[in-house]
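So you can see what is in the structure, the chains are spelled out below.
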Amino acid sequence: MLIQEQLKEIIDNNEIVLFMKGNPDFPQCGFSGRTTQILQSYDVRFASIDVLADDAVRAGIKEYSNWPTVPQLYVRGEFVGGCDIVTQLYESGELEQILKPEA
Amino acid sequence: MVAPQDIQNWISQGLENSEVTVDGDGQHFEAIIVCPDFAGKSLIQRHKMVYSALGDKMKSEIHALSMKTLTPAEL
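The listed protein sequences correspond, in order, to chains A and B.
By our numbering, the letter at position 17 of the first sequence is numbered 17, and the numbering carries on one by one without gaps.
By our numbering, the letter at position 41 of the second sequence is numbered 41, and the numbering carries on one by one without gaps.
Rather than coming from a laboratory, the hints here were simulated on the basis of the structure.
A couple of the hints might just be wrong.
What the hints assert, rightly or not - Below, computed lysine-lysine pairings styled on DSSO-like, alpha-carbon distance capped at 30 angstroms:
| no. | chain 1 | residue 1 | chain 2 | residue 2 |
| --- | --- | --- | --- | --- |
| 1 | A | LYS8 | A | LYS21 |
| 2 | B | LYS59 | A | LYS100 |
| 3 | B | LYS41 | A | LYS21 |
Excised from the complex, chain A in its bound form (with noise of 0.2 angstroms):
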């Protein structure tokens, strides 16, 4: 399967899906350690996937999302953006309605 497809289908397939460096656990850069962060302080489950772990991913996500850099936060199949947007989001209050449309 092409990468491309492969992308769309974990983002298809996961409500709340992190690309990121490193795993939530042990993040390997500063940006997806305070991503992961924020989405840790909301009571959700989320999927990560780390880019470091396949070239094809890393690449192929930049190229998905038209967005140069990782980590990128995808939920319900939009782009929701990388962390400086998560966290503006996250101070706005707004991202607490993106994670948990429901509540």
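We have chain A already, so just place chain B on it with the hints.
Same frame as chain A, but now just chain B:
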């Protein structure tokens, strides 16, 4: 090595009428970009405008850039 001033110049050249301030240590940079063209745009659209001003430099020279994107009215 990339200096904050370089990034400031690249963004200003790519985004007309923008006021750009960049801080950084050669590896990690923080930019504040104020531009009237951000009005009515989402955060994702704003960041994409900055990324496209930087073009391929995001892939090579710039390791980590965090940014705040504001319109003059949001300052």
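What's the verdict on LYS41 (chain B) and LYS21 (chain A), does the C-alpha distance respect the 30 angstroms limit or exceed it?
With Cα atoms ~28 angstroms apart, LYS41 (chain B) and LYS21 (chain A) stay inside 30 angstroms; holds.
Given the hinted pair LYS59 (chain B) and LYS100 (chain A), is their alpha-carbon gap at most 30 angstroms?
The hint is violated at about 34 angstroms.
Is the straight-line distance between the alpha-carbon of LYS8 (chain A) and that of LYS21 (chain A) 30 angstroms or less?
Answer holds: LYS8 (chain A) to LYS21 (chain A) is near 19 angstroms, not above 30 angstroms.
Checked against the numbered hints given earlier, this structure breaks only hint 2.
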